[in-house]
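K.L.:
Chain by chain, the residues run as shown.
2 protein chains.
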Amino acid sequence: MVKDFFYVTPTALIFGKGVIKHLPEVLNKYGKRVLLTYGGGSIKKIGLYDEIKSLLKDFEIFELGGIEPNPKYDPSVVEGARLCKENNIDVILAVGGGSTLDCSKAIAVCAKYDGEGWDIISGKVKAKDAIPMVDVLTLAATGSEFDCGAVISNTALNDKRGYVDGLIFPKFSILDPTYTFSVSKYQTACGTADAMNHVLETFFSSPSLEVNDGMMVSALKSLMKNVKVALDKPDDYDARAELMYVCSLACNGILSNGNGECGWPMHSIEHALSAFYDITHGAGLAIITPRWMKEILSEKTLNRFVVLGKELFGIEVNNVEDANNVIDAFYKFFEGIGIPMHLKELNINEDRIKEMADHILEFDCTVGPQMYVELNKEALIRILKECL
Amino acid sequence: MVKDFFYVTPTALIFGKGVIKHLPEVLNKYGKRVLLTYGGGSIKKIGLYDEIKSLLKDFEIFELGGIEPNPKYDPSVVEGARLCKENNIDVILAVGGGSTLDCSKAIAVCAKYDGEGWDIISGKVKAKDAIPMVDVLTLAATGSEFDCGAVISNTALNDKRGYVDGLIFPKFSILDPTYTFSVSKYQTACGTADAMNHVLETFFSSPSLEVNDGMMVSALKSLMKNVKVALDKPDDYDARAELMYVCSLACNGILSNGNGECGWPMHSIEHALSAFYDITHGAGLAIITPRWMKEILSEKTLNRFVVLGKELFGIEVNNVEDANNVIDAFYKFFEGIGIPMHLKELNINEDRIKEMADHILEFDCTVGPQMYVELNKEALIRILKECL
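Chains A and B, in that order, are what the protein sequence lines are.
Taking our numbering as reference, the numbering of the first sequence is continuous, increasing by one, and the terminal residue is 412.
Taking our numbering as reference, the numbering of the second sequence is continuous, increasing by one, and the terminal residue is 412.
A couple of the hints might just be wrong.
[Stated by the list, open to error] Not everything, but these chain B residues come out facing chain A in the computed CB check (under 7 Å):
hint, residue
1, Ile-85
2, Gly-89
3, Gly-238
4, Ala-265
It is worth saying that the hints were derived from the structure and are not from the lab.
We put the CB at the ideal spot given by N, CA and C, even for glycine.
If we strip away everything but chain A, and leave its shape as in the complex, we get:
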């Protein structure tokens, strides 16, 4: 039976070449005191930093640069929250990819809380308020620009948490596909793998509405086709535009309303991996995907492979044996876009696999019995070993 659901996404998307010109009117809705957040400096290389500074001459801008991939609670979130409090910030302007956006969302709530911010991120305390956040996206991947989630790592605890809260929806997301022209082949591939995984996580659920199956297949097809175009021709506007837009849709929930609980098991596993080893999220997911699929393949899950096989690869699936061909096709696809498909290539060996399995079961309830397929400790270890 179709599941009950609650759905809302109040974020406004402003999409197109040159739409950055709307930034001053957007920020003016919230005030003049802006915390500008960004990552390692690519926004300076592509001229975006200067353009924004020039557009925002009438604003008072404070800055937090250097936000890390797999953004860290300490120092980034802590420092950002301090800057907001000390400078009475009206609005946070996050310019970058998912890491910068996620970090800024966490800053937005921590800045409005007097206690230890990690209590909010880890779910111990419920946030009551957040500073408004606006973003300018430079990487098509996580979908953070169109959702209310933020994934934050706490290095001291080897913990990586997905924090979900309606308070942290961006108010506006400014999406200009030309900002992604200079994204490296590797990051383009990893971003696409991330978005594909967002779709696949929710595709593997029961029930899955027919309309959702069709929309999710369509998103996957689009990602798989357009990433190849973008890898071949990095400044192909239409390919970059469709990648950017589909990445936004992929993590938003709109493709899976009414579906059963899926539990995001591949993300649970990957969050442990990147908490322990700080690897690129999309690469980790691509490596996990075929191994997780092999683990959960059964008569119960077969119908999911039937649809994916037919629609994505033209593979007819009549039984479990056939489904292995679909799994292999995913493996080859990820390999074909340049993702290393073994953890060993990322310098990860089996030393901490059991520790990671324990970590997943301790911190993540998303692989439990209420989900599409339950994963126990042995299953998690099997998957991680196969990933090596």
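Position chain B against the provided structure of chain A, taking the given hints into account.
P.N.:
What follows is chain B alone, placed relative to chain A:
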């Protein structure tokens, strides 16, 4: 090239059986003085009126019943705005189908305006504020529960206007598929035809993103399959649920972001028809659909028929001749779900066809040269004559 777009839908969907229980907490966000609006009384027949009154014991409720199909500016909108002003209404609770919702959206803005409300609906004056609106949907059709449009008829002017304004998004839409179990076969079919048409209007555009093509095809497939189940078994929860959800998606814009201007030509024609003859909107659209398709079929539009033919009917389209088979298949589909496919069956003859064509060109700019296919007066007359 992918078109620039702005997209936002702040409406929250609360979906499932029994979700009406959340109504008091939802309305409490806005205040205690409620204008309850509804149509011809079906909400009393299914017990929903009593249930709402019982749930809202702690609220002060004022009522506007008897809202017409193709809701009228005068008396319904005028009367509703007067009630809001005189009683200092905090929130409008619309319970019904698209007509009740549209009328309530118009009331929401007119109640906050001191001049003649029609000036706002007709676009002469820009609204500055609106009373918050919450709805409980009882008919899967128009998608008004998830968009910011309202179609209002002004009988005195033979005018039917589509009013679009971000101010009139519902705050919350409460969607319980069981409320649609008692919808008649005819209204179930017409509601589905309406939603199908919303998808088809935007499907016929250039460019159309591949991801959008896939999502739109998926929506059409779902509507066409589930309407048959619901006609056969009116209390099939899953079929009613998927119809309700897809109707909400169909008019929301989320299926066609980045697509070229389509102009909603079939709606422009139908709005003239129902302004002159007060027919059921979905029936008018079903009648117009194949005739409009015949009119615009050409080498330029062929690729749209290729996709629809293959995905919906298994018809291979290689040329314009083949595309006629797709058009015939749509005709037969609508006929098969019980929609009268000739205007004569709705007691409409050719007397006012020229007048309607003039009306469309005067009031609707959606068939002009900037659109996917331009329709001039002769084309409009041809389409309407074919509909007889």
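K.L.:
Decide, hint by hint, whether the structure agrees.
P.N.:
Evaluation of the provided hints:
no.	hint	verdict
1	Ile-85	25 Å, violated
2	Gly-89	29 Å, violated
3	Gly-238	2 Å, holds
4	Ala-265	4 Å, holds
Comparing the model with each numbered hint stated earlier shows that hints 1, 2 do not hold.
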